[in-house]
Amino acid sequence: MTTTQRDYYEVLGIARDADEKAIKNAFRKLTLKFHPDRNKSPDAEEHYKEIAEAYAVLSDPDKRRQYDQKGFAGVADFTAEDLFGGIDFGDLFGNSGFNFGGGSIFDNFFHRGPRKSHSKGQDLEIMVRVPLERIAKGGEEVVRFHRKAPCVACKGTGAEAGSAARKCDACGGSGRKVLHSERKQGSIYQQITTCPVCRGEGTVIDKPCSQCMGSGKIDKQETLTVNIPKGADEGTMLRIPGHGLAASKPGLPPGDLFITITSIPDLRFQRYGADLWQAKTIKVTDAVLGTEIKIPTIDGHVDVKIPAGLQSDEVLRLKGKGLPYQGSDQYGDLNLRIHVEIPTRLSWKEKGLYKKLRDANEKK
Numbered sequence: 001m002t003t004t005q006r007d008y009y010e011v012l013g014i015a016r017d018a019d020e021k022a023i024k025n026a027f028r029k030l031t032l033k034f035h036p037d038r039n040k041s042p043d044a045e046e047h048y049k050e051i052a053e054a055y056a057v058l059s060d061p062d063k064r065r066q067y068d069q070k071g072f073a074g075v076a077d078f079t080a081e082d083l084f085g086g087i088d089f090g091d092l093f094g095n096s097g098f099n100f101g102g103g104s105i106f107d108n109f110f111h112r113g114p115r116k117s118h119s120k121g122q123d124l125e126i127m128v129r130v131p132l133e134r135i136a137k138g139g140e141e142v143v144r145f146h147r148k149a150p151c152v153a154c155k156g157t158g159a160e161a162g163s164a165a166r167k168c169d170a171c172g173g174s175g176r177k178v179l180h181s182e183r184k185q186g187s188i189y190q191q192i193t194t195c196p197v198c199r200g201e202g203t204v205i206d207k208p209c210s211q212c213m214g215s216g217k218i219d220k221q222e223t224l225t226v227n228i229p230k231g232a233d234e235g236t237m238l239r240i241p242g243h244g245l246a247a248s249k250p251g252l253p254p255g256d257l258f259i260t261i262t263s264i265p266d267l268r269f270q271r272y273g274a275d276l277w278q279a280k281t282i283k284v285t286d287a288v289l290g291t292e293i294k295i296p297t298i299d300g301h302v303d304v305k306i307p308a309g310l311q312s313d314e315v316l317r318l319k320g321k322g323l324p325y326q327g328s329d330q331y332g333d334l335n336l337r338i339h340v341e342i343p344t345r346l347s348w349k350e351k352g353l354y355k356k357l358r359d360a361n362e363k364k
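Oh and the sequence shown: position 218 is 218 in this note's numbering, straight run, nothing missing.
It should be emphasised that the hints constitute simulated quantities derived from the structure, not laboratory data.
Cross-link-like lysine-lysine pairs, in silico, BS3-like; alpha carbons within 30 angstroms at most:
no., residue 1, residue 2
1, Lys-351, Lys-305
2, Lys-63, Lys-29
3, Lys-33, Lys-63
4, Lys-49, Lys-167
5, Lys-351, Lys-363
6, Lys-230, Lys-280
7, Lys-24, Lys-63
8, Lys-280, Lys-355
Kindly produce the complete structure, drawing on both the sequences and the hints.
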C-alpha cells in the first residue's frame, strides 16, 4: 500500500525556520483542538497521529536535521519508541486543564491493543471464569491458553541455526521505499511504500528455520497457575509479564498476559459486587403464620426464620453472608427475596376453609 505524507512543517502550520517555542505552541494548540478525547470526528485519531509524529520529529534537533536533509527517508528507521520515548509533556499541558490520563499522551495511539509494538511483543488478553467459592476464599487457579511464542530452534530469529538474517539491499534496512519525492513551494512531498522485498521488515532471511518456516514464532499451549485475589471483583485484571505474544523482531521480549477474572454463573445466587441475592418461594400459610426454612450460602446451609405476616417480595438480609470485599476483611450480605405462592388448585375442603377465613375477615 502506498501513502502520501504531508510535510511536517505544513502539518503543524509553521515556517521551516520556526524556533523551539513556535513548534511547542503550534503542537499545543493543535492538540487542544484535534485530540480525539476532545474532537469526536471520525478521522480525529488519524489526523492527530500525523500531528503527533510531526511534533516528535521537529521538536528534536537531530531528528529535525535528518528530516530537513533527507525528507521522510531520513526518519524512516525511527520506531515509535525512538520518536516519543524521551518527550516530557509536563511543561506543555501541566496547566491546561487537559487531563490525558497520565503517562505519555501517545500511549493511546502507539501502544494500545493489537497494534504492532517495536519494544516488545503484543499483549495477550484472556478471560478465566472461576466459581464463587474461589472468589470467596481466593487461591490458586490453573489457566490454559494458546499463544505465539519465540521458536526454540532458531531462538526467534527465523533463520536456520548457523545462519542469520541480513539487511535488505532493496531498502537499506528501513522497510520502506520512496517512490517519488518533490519539493513544492518550500514543502517536501514523498510517496512511500512498504518494501516489496522484505515486506517492511528491513531484513531478509536466506535460510529460513525449518521449525517455524522463518517466522521466528511457534504455536504453544501454556498452563499457568495464578492466584485469584480473595473477593476479586468482576473484571479484575491480573498482569503476567512475559507471557504474551512473541515480538516481531528477535531479541525483543514477549508481550504481557492480562487475565480478566469473572465468576461462573451460579444457579443459587446472583452476584452484585460483594452482595449475593437469592429468591425463595414459600406457601401462603407459612407467610401468614411464619416458618423456618433452610437456604444455601457460600459457607453451607443455614436456617432462616420467616416472621409471621411476611409480604410477598419482601427482602430478608443475612448480614455478612455474602462475598468478601476485595482487599478488605469485611463481607457483603446475602439478600433473600421471599415470594409467596398463591394456590391455584384447591380441594372443596380447602375452598371451604378459605371462605370461612374470608367471612371472618369481613366481620372484622
